[in-house]
Amino acid sequence: MLMPRDAQDLRQIVADAAANGTRLELRGGGTKAGFGAPRDAGIMSLGALSGVIDYDPAELVLTVRAGTPLADVQALVAAEGQMLAFEPWGEPGATIGGTVAAGVAGSRRVTAGSARDHLLGLTAISGRGEMFVAGAKVVKNVTGYDLPKLMAGSWGRLGAMTELTLKVLPRPRQTVTMVAEGLSLPAAYAAMACALGSNADVSAAAYVPGGEMLLRVAGFAPSVEARCAVLPGLLAGHCALRLLPDAVAAPLWRRAMTGADLRGSVRWDVHLPPRHAAGLIDALRPLGIDWAMDWGGGRIWIALDRLDETVRDEAARLGGDARLVEAPADMRASVPAFHPRQPGVAALEQRVRRAFDPADIFVTGRFREDADADQLFA
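Under UniProt numbering, think of the first position of the sequence shown as 1, with each following residue one higher.
The set of hints was computed from the structure by calculation and includes no laboratory data. Hints are not guaranteed to be accurate.
Stated by the list, open to error - Taking lysine to aspartate or glutamate pairs in the DMTMM-like style, the calculated list, with each CA pair at most 25 Å apart, reads:
no., residue 1, residue 2
1, LYS32, GLU225
2, LYS149, GLU349
3, LYS32, ASP261
4, LYS167, ASP117
5, LYS167, ASP290
6, LYS32, GLU163
7, LYS149, ASP261
8, LYS167, ASP261
9, LYS149, ASP54
10, LYS32, GLU212
11, LYS32, ASP330
12, LYS167, GLU181
13, LYS32, ASP246
14, LYS149, GLU91
15, LYS32, GLU59
16, LYS32, ASP6
17, LYS32, GLU309
18, LYS167, ASP72
19, LYS167, ASP56
Make a model of the complete structure from these sequences and hints.
Here is the structure:
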């Protein structure tokens, strides 16, 4: 395993790989190594590129090295009464660079946005072995192309991020969960849509099997109390609400946010229009699925033991897409991790990728669309 000591060391390793035709897999904490097809490529760990470069709580801006553990970043900003707005999550060992590169966002994403919305700037090494800087340490920066938005969610296919500048936000003084129980899927969707569209400023909405619909209300204590008092009346035509103790709410939110503890050897992450969430679950029930719903119905985790693409087919039928998150190696080798793109979109994506990595240094076989890119330009 290659372990560059700093950005210049990393740049030299990538440049040497480009000259020798070597392929490199970028890795932070390795917590997402099971995503994508099995592959045989040299591993380059960015774990040594760790530490805080600059943090100005008054300006709500944080600059850190990509290999900094996510838990350390969260603890740092929490000590200042702040937070990463997109509510990232990860297994122990996850890094901030890997989290942003994977586009990880939690339940608050439905109202606060994703990682790409809070990545202000970055420094990275392209597949050419060249260092580039994008964005700036300010919230408003519209000059040129918005490369931070391109790098967030790129899974290390465009380059190796070495530094990230993130916008942080004040942490809510109080956060409470309200729950409605015994709701059907259509009733839960209607209630979540009503809550998220109301003036009660609900920051997250989820639904888990058993009929429990969760609503999160956060902010200053008097505001939270007032909004929690108003919500039952706003949703009176949909359901009855009650406060849920934090100790009970926390594992339910984790299940909805991460798909953790779902039963099944295959796990899918489905994104689709929330109004179709109930239809997807109903269509897949005969397969014996376990599931959890977040983002007001916009994200559904599906777990089952079926080794085919039925989940992806049903998601596409309803205007959504499905990523294969976890599966046995044989299935990951034959089923693409990402939902297949339309030919025009796939060709554009590959042109962008090759602008950063013309020698395919970061093409490891993890993603089929990269390995098969030559067919798009034949």
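* **Hints violated by the structure (numbers, ascending)** => As far as the earlier hints go, 1, 5, 7, 8, 10, 12, 13 and 15 are violated by this structure, in ascending order.
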